[in-house]
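> Each chain, written out:
There are 2 protein chains.
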Amino acid sequence: MKIVLDAMGGDHAPAAAVHGAVWAARDFDLTIQLVGQPQAIEVELAKHDTTGLDLPIIPASEVIEMHETPSAAVKNKKDASMVVALRLLKAGESKAFVTAGNSGGALVSALFGLGRIKGIKRPALSTIFPNDTQYGYSVLLDVGANTDVRPEYLFQFALMGSLYAERVLHIPNPRIGLVSTGEEEYKGNTLTQAVTRLLKESKLNFIGNVEGKDIPAGMADVIITDGFTGNVYVKGAEGVALMIKKILEREIRARPLAMLGAWLAKGALKALATKMDYREFGGGPLLGVNGIVIVAHGRADAYTIRNAIRVAREAAKNNIVHAIESGLSEL
Amino acid sequence: MKIVLDAMGGDHAPAAAVHGAVWAARDFDLTIQLVGQPQAIEVELAKHDTTGLDLPIIPASEVIEMHETPSAAVKNKKDASMVVALRLLKAGESKAFVTAGNSGGALVSALFGLGRIKGIKRPALSTIFPNDTQYGYSVLLDVGANTDVRPEYLFQFALMGSLYAERVLHIPNPRIGLVSTGEEEYKGNTLTQAVTRLLKESKLNFIGNVEGKDIPAGMADVIITDGFTGNVYVKGAEGVALMIKKILEREIRARPLAMLGAWLAKGALKALATKMDYREFGGGPLLGVNGIVIVAHGRADAYTIRNAIRVAREAAKNNIVHAIESGLSEL
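For the protein sequence lines, the chains are A and B, in the order given.
The first sequence: position 190 = 433 (the numbering used here), numbered continuously.
The second sequence: position 125 = 368 (the numbering used here), numbered continuously.
Derived from the structure by calculation, the hints contain no laboratory data.
Incorrect hints may appear among the rest.
Copies of the same chain are indistinguishable here, so a pair counts whether it falls within one copy or spans any two.
Unchecked claim - List time: in silico EDC-like cross-link candidates among lysine to aspartate or glutamate, alpha-carbon distance up to 16 Å:
| hint | residue 1 | residue 2 |
| --- | --- | --- |
| 1 | LYS364 | GLU568 |
| 2 | LYS488 | ASP375 |
| 3 | LYS321 | GLU305 |
| 4 | LYS489 | ASP375 |
| 5 | LYS430 | GLU311 |
| 6 | LYS430 | ASP297 |
| 7 | LYS518 | GLU494 |
| 8 | LYS518 | GLU492 |
Bound conformation, chain A alone (with noise of 0.2 Å):
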C-alpha cells in the first residue's frame, strides 16, 4: 500500500516527518511517499537506514506554515507540500495521506484537491480521546475544522463518527454521546437540543446528552460537538494533564523521600503517561471529504508520525470513505 506524506507539515518536520516515515514503512510494510522539498528530505533520510524501503521523494517547493491564513495560503501556494501530496491522493497513486502541519491548511486543501463525500455537507476533524474503560479511548468530533455550524452537520458527524469507530476502530455498536452542559433533555443550547431530536429519530446509538466530565469516564464511544467547543475541550485536557504533571513534579522536587519514592512508583508513573500519550494515536481522520486524510498534532514527533501513518493505512484497509458513503445512503 502507498501512504502519502506531508514531509514538511508540523513543527518538527521535515526531521519527525523522515523519521516517522522510514519507522512506519518498515513496521507496516508501507511505501511512504514524502513530498516535500527534495534536498531536505534527503538530508534527513540520509541519517536513518533505508535499506530495502520504498521512500520516493514527490517533489514540492513550498509549504503552508503553522501561522498562515489556511484558505489564503492554498490558494497563493500551488506547489504546497499539502497540495502536491493531495493531487496524488486524488489522481489514485496513493491510498491515503497524513500530514502534521497546519490542520485548516490541510481541511482547506482536502476540500479544494478532494471535494467532499456526495451528500455530506462538512467534513469533521475527529481525533482519539483517552479514557478509562474497555477500549481505553473514544472518539471525538469535531475538534476545529467547523467552529460555526448548523445542526445537521453534528448529526452528519454523529454518522461518520461511528461508522470510523465500528469499522476503523472495531467498536461494536458504538455508543454516541451529544456534548452538552447537563443530561436533561432541557439543558444545553439551542444547537444541541436540535440535535437531539434529530439524532433520536435516526437509527443511531444514540445515548443522549454528555457532559464534560463524560467524556474521560468513558461514557461514550463516539463524542459529538462542534468544532469550537471540542477544540477548546482538547486542547483544555491537554493543558490540565500538563498542570498535574508539572505540579507534581515540583513537589516531588521539593522533598527528598517524595524523589525516592517517585523513582519507586516509576512504572506506575510510566504507565499513566502512556495511556495519556496522544502520540500513541498518531492521529484522527478528517471525516468527510472524498478520500483519507490523517491530521496529526503539530507538535508531532518520530513516533506520533510512525502511528499517524498506521492510522491511515487502518482507515484504507477498511475503506472508511466507502463505508461513509453507504451509511448516508442507509440513513
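Go by the hints and put chain B onto chain A.
For chain B alone, coordinates are given in the frame of chain A:
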C-alpha cells in the same frame, strides 16, 4: 455581617450545609441564616457545638431539587429555600446568599428575586480555575448561566470578571483572555470575532484569544467564554483530573514497590490534591444580579460550604455589586 445560606441545597444537604455554616460562623465571626425545613436543620445543628454562634433558622417548606427544570420549579415553589433566602437578601436582612443547590434554580430565583444590575444584559456564573502561576488561579465565566449568547453579553462578562478579579480577589489590572481555537484573530467563530472587536475597543486589559491549553497555564487572570463552552470546559477539566487520579491509583496498586513509593511521596501527592481541589475556592459568584449570590458545587461538602461563605463575605466586604454598577458607567 449576616449571610443567608440555602440549608437544603446540594447533594449532601442539609448535613453538609449546616456543618459548613457552623464552621464558617466560628472561623469568620458571621451570622449565618439557615433557610430550610426547621426540623431537619435542628437535627443537624444538634450534632455540632454551636456555643456562642448566631445561626438563626428561617423556615422554608420546599426545596428545588437538583434535576428540576429551573423556571418551572421557581414558579411553582414559592416557599422553596432559595426563593425564601433571596427575599431576605432583597429586603436587606442579609449581605449575601450562598447555595450549593440547582444552579439553574439559583439563577432563575435570583433573576426573579433580585433582578439584574441596571445595564447588565445577562448575569454570568463564574468559577475559580486552578493554574500554575503567582495567584494560582484565574476567574472563568460564564460556566453555565447562558448557553445561547450574543457578543454584548460576553463583553459585559469581561467587565464583571475583571472587576471581580481586581476588587474581590485583589489581582491588580487583571489580564482578560477570550476563549478561542487559536491565538490568531482569524481563529474562533463568528461570536468570538465580534467579541474581540468589542474588547479591543474597550479600556479593559484584553490580551487576546486564549486556547484551551492556555487556561491551566495561567495565561490570563479572567477567562471569558459562553456558558456552554465554559460549562463543558470546567467539567471536562474535573473529569480529566479524576481520570488521571484513577489510572495512577490503579497502576500504583498493581505494583508493590510503587505502593511504597506513593507512601513516600504522599506529601507531594497531597500538595497536588490541595492545589487541584475545587473545595478550597468554595464557590463562584453569579455576577450581574442585583445582590451577592455565591453558587457552590452541587457535591459540596461542609468544607466547601465554609469556603463559599468566605467568598460571600469577601464579595460583600468589597461591594462587588456597586463596583459593577460604577464600572458600567465608566465604560
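> So, for every hint listed, does it hold in this structure?
Structure-based check of each hint:
1. LYS364 to GLU568: Classified as within; 13 Å inside a copy, 46 Å across copies.
2. LYS488 to ASP375: between (18 Å within a copy, 11 Å between copies)
3. LYS321 to GLU305: within (8 Å within a copy, 68 Å between copies)
4. LYS489 to ASP375: Between copies only: 8 Å across chains, 22 Å inside a chain, cut-off 16 Å.
5. LYS430 to GLU311: Cα proximity of LYS430 and GLU311: across copies only (11 Å, versus 37 Å in one copy).
6. LYS430 to ASP297: For LYS430 and ASP297, the Cα distance exceeds 16 Å both inside one copy (54 Å) and across copies (39 Å).
7. LYS518 to GLU494: Classified as between; 11 Å across copies, 22 Å inside a copy.
8. LYS518 to GLU492: Answer is between: at 13 Å across copies they meet the 16 Å cutoff, but 18 Å inside does not.
Violated hints amount to a single one, hint 6; each of the other numbered hints is respected by the structure.
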